[in-house]
Amino acid sequence: MNYAIIGNGPSAISAMRAIREVDLRSKLTVISDEPYLNYSRPLISYLLSKRIEKDKMVYCPEDFYKENQVQLILNKKANKLDIKKKNITLSNRQIIPFDKLLIATGGAPIIPEVKGRDLFGVFTFTKLQDAEEIARYIRYNKVKEAVVVGGGLIGLKAAEALIELKIKVTIVELADRILSTTFDKNASSIIERALEKVGGKLLINNTIVEIKSKDKKASEVVLRDKRRIRAELVIVAIGVRPEIELVKGTPIKTNKGILVDNFMQTSIKDIYAAGDCCEAKDLLLGISRPIAIWPVATSQGKVAGYNMAGVKKEYSGSFTMNSMELCGIPTISVGQTYPERKGYEVLEHFDKDKPIYKRIVLRDNRIVGAIFVGEIERAGIYTGLIKDRVDTESFKEYLLKEDFGLIILPKEYRKHLVTGAGIEV
Amino acid sequence: MAKRPPPTEFIIERDDEKCIACQVCVRMCSNDVHSYDAQTDTVFSDSGKCVGCHFCETICPTGAITIGRNPSEFKLNANWNAQVIKNIIKQAETGGVLLTGMGCDKPYPIYWDHIVLNASQVTNPSIDPLREPMELCTYIGRKPDKLEIDYSKKEPQLKTKLNPQLKLETPILFSAMSYGSISLNACKSLARAAGEIGTFYNTGEGGLHKELYKYSPNTIVQVASGRFGVHKEYLEAGAAIEIKIGQGAKPGIGGHLPGEKVSEEISSTRMIPQGTDALSPAPHHDIYSIEDLKQLIYALKEATRYNKPVGVKIAAVHNVAPIVSGIVRAGADFVAIDGIRGGTGAAPTVVRDNVGIPIELAIAVVDQRLREEGIRNQASIIAAGGLRNSADVIKAIALGADAVYIGTAALVAMGCSLCQSCYTGKCNWGIATQDPYLTKRLNPDIATQRLVNLLRAWSLEIKEMLGGMGINAIESLRGNREQLRGVGLSDTDLKLLGIKPAGEAW
Amino acid sequence: MKKIKNQISKIKNSGYKAKLKRIIIREEYCMGCRLCEVYCLVQHSRTKNIIKAYKGEYPKPQPRLIVEEKGQISFALQCRHCEDAPCLEACITGAMYRDEKTGAILCEENKCVGCWMCIMVCPFGVIDRNREGKKVISKCDLCIGEEIPVCVKNCPNEAIVYEEKK
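Chains as they are written, first to last, in our numbering: chain A, 1 to 425; chain B, 1 to 506; chain C, 1 to 166.
Honestly, the hints are just simulated from the structure, not real lab data. Some hints here could point you the wrong way.
[Stated by the list, open to error] Only pairs whose alpha carbons sit at most 20 Å apart, straight line, appear in this in silico SDA-like list of lysine to any residue:
id, chain 1, residue 1, chain 2, residue 2
1, A, K312, A, D270
2, C, K134, A, E53
3, C, K52, C, E132
4, C, K111, A, G328
5, C, K111, A, D55
6, A, K56, C, E109
7, A, K313, C, L88
8, C, K21, C, E158
9, A, K166, A, G199
10, C, K135, A, P109
11, C, K101, A, E67
[Stated by the list, open to error] Derived coverage of chain B by chain C (criterion: at least 3 residues anywhere in the stretch with Cβ under 8 Å from a Cβ of chain C; other residues may be distant):
id, stretch
12, 24-38
13, 51-65
Remember, it's a predicted structure, so these values are computed and weren't measured experimentally. Virtual Cβ for every residue (Gly too), placed ideally from N, Cα, C.
Produce the entire structure from the sequences given, and follow the hints as far as they go.
So, in structure tokens, the structure goes:
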């Protein structure tokens, strides 16, 4: 049996671990188009702000590959995928055959169609290389003012890093608030205030239409409302999309991402996909869609790996979840946090002074979404309640109380919370 | 000054260097003695509320708490001691009957401590209990007057039909403690321990909780004057039935369960309304003479088809000897006699401390009287009332008892510290309470193990003492007054106990 | 040679799974005294001395378990060291790992960056942020190094016990 994995991110490594748990003998090749052993992409903002060193970003130690006979091919891109012959052609013309393949190519940044996007000083912010290049650019050009386009997770993390490097940052966001895909107005307002306190400037309901240059380098941006802002550095972070370039032209079915079934297999037998590049079951929305989140990627990779190695495991589905600390304020958001349709019930607790914000969204007495800002204790219990679709009618009034815990849950649920894997409480 | 707060008995001494303000004592005291002041981050104690149960002292992780006696003294007065004065103050305040729990605490002479045992030296050598078999097995029930054996067949056959007996692996049983006065967890522990050791426990007058039915083979069910919880299944469940006429703690009056302790479960087990005091009437209202008692005994025997021993429990009073004689002749298979030191969950203090006689004298005179009348074999005698250790047990048997009941000792094994506040229902140890928050504290697994340990330890000690006397079966010690001597007792005491003074040989 | 090494490793791994001891909670015996919390705090303090830990250490050490209390029910809740631990999957730095010998889930503080992903996914909510000034997580470590976790050792009523998983 010949296993091949294209990609070396969390879903790929998770799959690698799963395969090796079951099958210690078959050949396993992992192909990465980056030169690094492996690294955690969410940490690149800490690398940029110098909070951590590069070697701290490795999350799967080198001896794992050695001890488990995994052939790791670095710095080579998979250019062609031959479904019939069952092989991959790499950028150096090397051909890798496979019996079972996992496509874990991750996501790619969305680049807007604005004039000036190819200038020096305009960057996206998804890979380690981006962080290193930005750092070098800042040092070399003594950057003092920057513009971050996009007030989502990546944009804000980038902005936080730049502020820590003592750069004046303006964030330009299209929606009426930052983190518009996961936060409601109250939650966003807390973070917005915190950003302003550390010197960040926020422009909402706005976007850039052009990046102007001076000496071929980015010097200012032009906004939709015709205003201009000085920008020696522009980071574009308006979103990511699944990286599915490889499968274009193949019979593998795609939508926004590669479509997979409940066993993470694509429309082609023996070819699997996991992580940011695929579309898998969303538990809450009942449809398939890409969910580009680390724990979702690792669990998808694990399921894919088991199935590739012959152990049938069904993917239980997942939903959006994010944990991010900004300007010292921890935040967690899970599930559908602000559905716009009718039929949803919302419970809120907002303390502007501390600041603490908690929001629970329910439908038919079942939690479908939650936001925590400032105080994130026990947040995971809510995640579990969403996942298990627990009927909260009997204890709804306690959901936002300070002493919320397992003890307010019905005894039967509490006693068998994690069947088989955990210990009865 | 007309109003006066009740006098403080205990003073809480807190070592400030050791106190870490962890607040365990604050959380655990059911009398709200300790409280925490967040401003100063200190714990302080209101000693006036302390009943001296020692729970906080035991559980404090740094040993910062000591329970001391209130050093505040009244002027020395041999007649009007502090306790007497405080009692009057309380009664002047409330106009009520002073209640208390556990057994008589007055300094009446303890005869056990004036009786010493024999040991073999030179003649009739000692037996080593670790190397030779020792028989502690005891049978409770009516023994036949004579045995008729049929030798006609190959194997000799016993012709005499034997009355039903209770088999005990050790001559110690758990005394009657009602479900209501103690918690269900405590009852479970007694039942399980009785099963593990091979002895019996007594339901007391609280009826039998449905969760305890599985321990039936080791249960003695009690039929008391209130007839609480007495129905068909109850009588069937017992391995023996005990008619309670009286108890040592309060001879002449009936049982008392304060309303605070009558929870929903108690109410359904005892078949009484929730929250009301459960007062057993003083007499059984269908027993006004010895003939009535005989009628009840035989009614119970008929109802249970003569399958189990039916006995009677009385308090040790002045005329205990003729009373027991009458009871035996009335058909009782065993008679339990409870001395003045017997414990209770709630009793008027004045009755507990002044009514009844010590069990040591009672056993001796009863045993003597029954032997004189030639009816000693017709009923087993069980001694009860403040037996504290294996020496008391062995002395009781030597004085004439077949077995002993232990009540207070069993509670102490489970955690009780004899603070005598059982009637409040706030027992911190989870024993004498029905408050579910407090009863959790008594883990039946742990309590059962402790009771088993206690009985096992006492049984081993009894074997040691028996072996020392050159006896290898408890049966040989029964009523064997020759093995006892009195120390510092008057001639009358010696005569009543039927023992010689120490120093005198055979 | 490699084949044998792999097979030994597999046997070793399956062997430890059979002897795992975990903390079992019996809420019917919990008195709510919180001695477990006291001793957990002491165990994870610098001085490991109960009086110094409470009176002398600053910042105050953090206990790794949560005592939940409501009405008459209470129990001590600590990390379940799950077989299928979601926190292991959610950790973005690889700081969360499983100890080979005991199967316990531990966090290497040097690698933790305080992203709080594990807090987000733990269905028991037993992971907390470090309150002693470090941007890392704080959770039960099964008292690695001790024979028996100190919370179990010091529970006066055996409301938590340390037993092999059934």
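Going down the list of hints, with the structure as the test:
The suggested pairing of K312 (chain A) with D270 (chain A) holds, with an alpha-carbon distance near 13 Å, which does not exceed 20 Å. Taken as a hint, the K134 (chain C) and E53 (chain A) pair is honoured in the structure, with Cα atoms around 18 Å apart against an allowance of 20 Å. For a cut-off of 20 Å, the pair hint linking K52 (chain C) to E132 (chain C) stands: about 16 Å separates their Cα positions. Between K111 (chain C) and G328 (chain A) the CA atoms are separated by roughly 19 Å; this keeps the pair inside 20 Å, and the hint holds.
Between K111 (chain C) and D55 (chain A) the alpha-carbon distance is near 10 Å, which keeps this suggested pair within the 20 Å criterion. The suggested pairing of K56 (chain A) with E109 (chain C) holds, with an alpha-carbon distance near 12 Å, which does not exceed 20 Å. Restraint check for K313 (chain A) and L88 (chain C): satisfied, since their Cα atoms lie roughly 19 Å apart, inside the 20 Å limit. Among the hinted pairs, K21 (chain C) with E158 (chain C) is consistent with the structure: their alpha-carbon atoms are about 16 Å apart, no more than 20 Å.
Simply put, K166 (chain A) and G199 (chain A) have alpha-carbon atoms about 9 Å apart, close enough for the 20 Å limit, and the pair holds. Taking the CA atoms of K135 (chain C) and P109 (chain A), the gap is about 29 Å. The hint is violated against a cut of 20 Å. For the given pair, K101 (chain C) sits about 18 Å from E67 (chain A) by alpha-carbon distance, which is consistent with the 20 Å threshold. Counting residues of the stretch 24-38 of chain B whose C-beta sits closer than 8 Å to any C-beta of chain C gives 3, which meets the bar of three, so the coverage hint holds.
Remark: the stretch 51-65 of chain B is confirmed as covered by chain C, as 3 of its residues place a Cβ nearer than 8 Å to a Cβ of that chain, reaching the required three.
When the structure is compared with the earlier hints, a violation turns up for hint 10 alone.
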